[in-house]
Amino acid sequence: MANSIRGRAEINADGVTHIRLLINHPMALERRDAGGQVIAAHFIEEIKASHNNEVVFQGLWGQAVSQNPYLSFQLLGAKKGDRVTIGWRDNKGESDNAEVTIS
Amino acid sequence: MQTHRRSVLRALAGLLFVRLPASLALLAPLRALAAWPKAAFDASSSADVLDQLFKGKTVQSSDAVQLEAPDIAENGSVVPVTVQTSLKGVKTVTVLAEQNPRVLVAQYSLSARSAAPVSFRLRLGKTQDVVAIVETEDGKLHKASKNVKVSLGGCGG
Chain A
0 MANSIRGRAE
10 INADGVTHIR
20 LLINHPMALE
30 RRDAGGQVIA
40 AHFIEEIKAS
50 HNNEVVFQGL
60 WGQAVSQNPY
70 LSFQLLGAKK
80 GDRVTIGWRD
90 NKGESDNAEV
100 TIS
Chain B
0 MQTHRRSVLR
10 ALAGLLFVRL
20 PASLALLAPL
30 RALAAWPKAA
40 FDASSSADVL
50 DQLFKGKTVQ
60 SSDAVQLEAP
70 DIAENGSVVP
80 VTVQTSLKGV
90 KTVTVLAEQN
100 PRVLVAQYSL
110 SARSAAPVSF
120 RLRLGKTQDV
130 VAIVETEDGK
140 LHKASKNVKV
150 SLGGCGG
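Chains A and B supply the protein sequences, listed in that same order.
Mapping to numbering that gives the first Met the number 0: the first sequence position 8 is 7, numbers consecutive.
Mapping to numbering that gives the first Met the number 0: the second sequence position 41 is 40, numbers consecutive.
Treat the hints with care, since some could be wrong.
If you want a taste of the chain B side facing chain A, the calculated C-beta under 8 Å gives, among others [said to hold, decoys possible]:
| # | residue |
| --- | --- |
| 1 | Y107 |
| 2 | S110 |
| 3 | V117 |
Okay, the calculated beta carbon distance ranges per label pair [as the list claims (entries may be wrong)]:
| # | chain 1 | residue 1 | chain 2 | residue 2 | range |
| --- | --- | --- | --- | --- | --- |
| 4 | A | G34 | B | P100 | 32 to 38 Å |
| 5 | A | S94 | B | A38 | 36 to 42 Å |
| 6 | A | N51 | B | A46 | 39 to 45 Å |
| 7 | A | K79 | B | D128 | 38 to 44 Å |
| 8 | A | D32 | B | S85 | 45 to 51 Å |
| 9 | B | E67 | A | V15 | 39 to 45 Å |
| 10 | A | N67 | B | T126 | 36 to 42 Å |
| 11 | A | D81 | B | G88 | 20 to 26 Å |
| 12 | A | G35 | B | S85 | 47 to 53 Å |
| 13 | A | E93 | B | P100 | 23 to 29 Å |
Computed footprint of chain B on chain A; a stretch qualifies when at least three of its residues, placed anywhere within it, have a C-beta under 8 Å from a C-beta of chain B [claimed, not checked]:
| # | segment |
| --- | --- |
| 14 | 51 to 65 |
| 15 | 69 to 76 |
Just so you know, these hints were derived from the structure itself, not from any lab.
In this text the structure is predicted, and so the values were computed from the model without any measurement.
Just so you know, even glycine gets a beta-carbon here, dropped at the ideal spot from N, CA and C.
Build the full structure now, drawing on both the sequences and the hints.
This is the structure in structure tokens:
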């Protein structure tokens, strides 16, 4: 799952950083195959954003979050050039993280 | 053998010493970083979700919370939703899809260092109300909802 995270972090004149993320993930719903066997769901349960070793935002997701999730929020108190670390973990224990530089 | 065991112990102690403050620092700002609430995500009614997440608290409709979503979603599997609020001291933002088989869609925890609007995309199985609940630090729950008509369901039906 390397490089599953694409992100942008842009700071505006008021010092508010707008973070936009696109994650590559199937976010598969639990379903049944033709024979009635349950096929387990596969989805991201948690996504976190950290700045200066401080978790500043956490998302807990269920199966109803769309495939290849998009997420955006505002980060406060950061500056241009700072790095924001994004990490996710899914219900099968897979995970990925990436750094986004504020521009 | 003796020295080897000691050095291993010392190395372990060193690891603990280094790791502990780092993990504490990570936990500090979002006071209690929530674990994934399985029972809430498995719940099939709004009442059950609210009971799991905010037991005993009442939810008030509020003009200070705005939920943006399309009036009509052609494709229920990708419905963009934005929650905005003018409220201060926002602790969590929770989004429910009241007619989905599993009602709870997402819960976001904010710190003093993050803020709304929060946007993401969700699946809607059929036409229904999407609900956003903003929890503030005083423990109050503020709600906004929006009906979204779904032409093609997003949950395989």
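With a cut-off of 8 Å between beta carbons, are at least three residues of the segment 69 to 76 of chain A near chain B?
-> holds (count 8)
Restraint check, 8 Å cut-off on beta carbons, for Y107(B) near chain A | holds, 5 Å
Distance restraint hint 39 to 45 Å, applied to the beta-carbon atoms of E67(B) and V15(A) | violated, 18 Å
Outcome of range test on Cβ distance (N67(A), T126(B); 36 to 42 Å) | For T126(B) against N67(A), whose Cβ atoms are near 24 Å apart, the range 36 to 42 Å is violated.
Coverage assertion for the segment 51 to 65 of chain A with respect to chain B, Cβ distance below 8 Å, three residues required | holds (count 14)
At the C-beta level, are N51(A) and A46(B) separated by a distance inside 39 to 45 Å?
-> holds, 40 Å
Hint check for D128(B) and K79(A) - Cβ pair distance inside 38 to 44 Å | With a Cβ separation near 41 Å, K79(A) and D128(B) satisfy 38 to 44 Å, so the hint holds.
Evaluate the given range 20 to 26 Å for the C-beta pair formed by D81(A) and G88(B).
-> holds, 24 Å
Whether the CB-CB distance between G35(A) and S85(B) falls inside 47 to 53 Å = At 50 Å between Cβs, range holds.
Falls inside 32 to 38 Å, the C-beta gap from G34(A) to P100(B)?
-> Check failed, 21 Å falls outside 32 to 38 Å.
May I ask you to test the hint 45 to 51 Å on the CB atoms belonging to D32(A) and S85(B)?
-> 48 Å Cβ-Cβ, so the 45 to 51 Å window holds.
Cβ distance range 36 to 42 Å for S94(A) and A38(B), holds or violated = Violated, since S94(A) and A38(B) (Cβ atoms, about 23 Å apart) do not stay within the stated range.
Violated hints for the displayed structure, listed by number in ascending order: 4, 5, 9, 10.
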